[in-house]
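Visitor: Protein chains in written order, with the numbering used here: chain A, 1 to 303; chain C, 1 to 259.
Read the hints as simulated data drawn from the structure, not as lab findings. Glycine residues also receive a C-beta, built at the ideal position from the N, C-alpha and C atoms. There could be a bad hint or two in this list.
[Unchecked claim] If you only want the chain A side, here are some residues facing chain C, beta carbon under 8 Å, derived:
#1 55
#2 81
#3 92
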Amino acid sequence: MTAAIAARGLSKIFGATPAIEGLTLEVARGSAFALLGPNGAGKTTSIRLLTALVEPTTGEAEVCGHRLGRDNDAIRRSCGLLTEVPGLYPRLTALQNLTFFAELQDLSPRVARPRIERWLRRFELWDRRDQPTGGFSTGMKQKLALARALLHEPALLFLDEPTSGLDPESTRTVRELIREQVGEGRTVILCTHHLDEAERLCDRVAFIRGRVLAVETIAHDQPSTRITLAGESAPHAERIAQLDGVRDLHSDGKTLTFRAAEAQHPQIIRALVEAGAEIIYVAPERGSLEALYFKLVVPEPRA
Amino acid sequence: MRRTWVVLRREWTELKQNRFLVVSTLMLPLILSGMVIFAALSVAGSDVHPSEVESLLAQAPRGYSPRQVVMFMLMKQLLATFLAVPAIIPALITSYSIIGEKQLRTLEPVLATPVRVGELLAGKCLAAFVPALLATWLSFGITCAILQSRLPPETARVAPPTTDWLIAIFFVAPLLAFGSNTLTVIVSSRVRDPRAAHQFASLLILPIIGVVLVQLARGILLGWRFWLGTALALAWLDVILLRLASAWFNREGILAKFG
Chain A
1 MTAAIAARGL
11 SKIFGATPAI
21 EGLTLEVARG
31 SAFALLGPNG
41 AGKTTSIRLL
51 TALVEPTTGE
61 AEVCGHRLGR
71 DNDAIRRSCG
81 LLTEVPGLYP
91 RLTALQNLTF
101 FAELQDLSPR
111 VARPRIERWL
121 RRFELWDRRD
131 QPTGGFSTGM
141 KQKLALARAL
151 LHEPALLFLD
161 EPTSGLDPES
171 TRTVRELIRE
181 QVGEGRTVIL
191 CTHHLDEAER
201 LCDRVAFIRG
211 RVLAVETIAH
221 DQPSTRITLA
231 GESAPHAERI
241 AQLDGVRDLH
251 SDGKTLTFRA
261 AEAQHPQIIR
271 ALVEAGAEII
281 YVAPERGSLE
291 ALYFKLVVPE
301 PRA
Chain C
1 MRRTWVVLRR
11 EWTELKQNRF
21 LVVSTLMLPL
31 ILSGMVIFAA
41 LSVAGSDVHP
51 SEVESLLAQA
61 PRGYSPRQVV
71 MFMLMKQLLA
81 TFLAVPAIIP
91 ALITSYSIIG
101 EKQLRTLEPV
111 LATPVRVGEL
121 LAGKCLAAFV
131 PALLATWLSF
141 GITCAILQSR
151 LPPETARVAP
161 PTTDWLIAIF
171 FVAPLLAFGS
181 NTLTVIVSSR
191 VRDPRAAHQF
201 ASLLILPIIG
211 VVLVQLARGI
221 LLGWRFWLGT
231 ALALAWLDVI
241 LLRLASAWFN
251 REGILAKFG
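Input sequences plus hints: build the corresponding full structure.
Guide: As structure tokens, then:
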């Protein structure tokens with residue numbers, strides 16, 4: 001089975017300004033992949049390249065098995081796009097907005113109508129289907145834009161800042177939907193500034209700043225754990241590193257961080273106690289992606 | 001073609017919701033039709049002294065009465081003015097549509113669908129071109145019906161529909177509407193401020209005022225040959241504008257300029 005995305009050295013240069021250079025990615029079908037980077041890093045341009053909205057200056061790619069440049073129409077049929085701004089027609093009703101896009105996707109009314117109703121009901125917008133979207137809240141607009149991206153049941157879904165500006169309730173709805181889509185076998189490409197969102201939802205992440213700086217796998221089965229000791233952690237690091245199943249061990253002052261299956265934790269704690277370490281607390285490590293982001297993406301301030 | 005129709009329907013559905021634009025669009029043909037009807041009826045009911053039109057008589061067809069000459073002259077001036085309808089309505093609608101898309105950033109989701117750029121532009125252009133032409137032809141038809149039913153036979157002979165009016169309305173008007181629309185697409189895509197786009201639309205009336213002024217200042221009368229020549233010139237200009245627009249627009253170009 002081919003990858004959902006296989007990009008090799010894609011670049012886009014506007015005039016003399018490179019927006020993204022050497023984009024090389026491989027994203028497996030049915031996975032969730034995040035593009036992380038600051039504003040202007042080239043995330044949106046990357047999405048526009050992969051959805052055949054802009055032509056690459058160099059490089060090549062296959063999206064859902066279709067060659068970029070040659071099979072652009074097929075790519076557009078295979079992809080759903082949630083743009084950074086919902087981009088709805090404010091004078092048209094929710095129903096009219098979705099019907100317009102269903103028709104552009106060549107969905108017959110017999111196919112489109114039940115799908116539109118299903119998504120509007122799912123997002124609790126059915127009762128407001130005949131109201132112009134100009135009066136909708138940010139969350140409602142975002143949900144409607146998501147419904148628009150999903151109407152033609154694309155194999156690959158690009159979501160540019162899907163929870164930006166949403167309240168916690170709408171954020172949860174959107175995140176549940178992303179999990180559900182991946183569970184149904186769709187591939188989701190997520191552009192986000194919320195690192196915890198990427199960590200929760202995605203299998204892999206790419207750090208971008210004008211080019212791909214690194215691609216990391218998020219180990220959901222082995223989350224990072226932090227143990228804080230009363231004394232220095234360094235003397236105990238070597239002993240813990242030798243235990244089975246422990247990886248990515250880091251010692252920093254009084255803390256040890258590592259990845260290991262939860263079943264391994266008692267053994268690790270026992271080993272530390274036997275070695276005379278005084279444990280203050282053990283906690284799941286949050287923000288490991290954040291640490292990596294700042295290490296890879298944010299340049300060191302000049303001295 | 002089916003997607004062109006989809007885009008066109010969406011444009012009209014949204015247009016119908018914008019009362020200000022609908023009213024301002026309808027006002028123009030109403031005002032201009034009213035002007036023609038009012039002027040024609042006024043001339044028909046007024047006394048015209050032969051000395052007032054002595055110089056004009058020389059240009060009017062032989063055998064015309066003084067009243068017929070004045071009517072003849074007046075209709076020549078108003079014909080050019082009437083062409084403001086096909087020149088301005090498409091420019092108003094299109095500039096609103098494109099600037100609206102720019103401000104709301106609605107084009108990116110549209111361009112992410114399999115719609116072809118030609119289908120998108122054709123839908124947009126037809127959405128403005130068709131109402132402009134319908135407004136022109138409908139208001140012309142109503143104007144002719146009123147004039148021919150209300151004017152005495154003497155002046156009705158000289159009032160529309162005459163050969164020059166028919167050429168202008170059925171040949172010049174469609175070409176003018178098409179050219180105005182294409183030019184507005186090109187210009188509107190380059191500006192971000194809707195006021196600038198509308199100001200440009202209002203500038204399209206200048207060549208029409210120019211024709212009126214030339215007739216008045218030079219004391220010449222532009223007949224059907226002039227309007228036929230204008231139609232040919234416009235056809236040539238339209239081809240150039242269309243080629244320019246076709247060469248210029250692609251998905252990326254639209255996204256960069258409109259998005």
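Visitor: Any of the earlier hints contradicted here, and which numbers?
Guide: none
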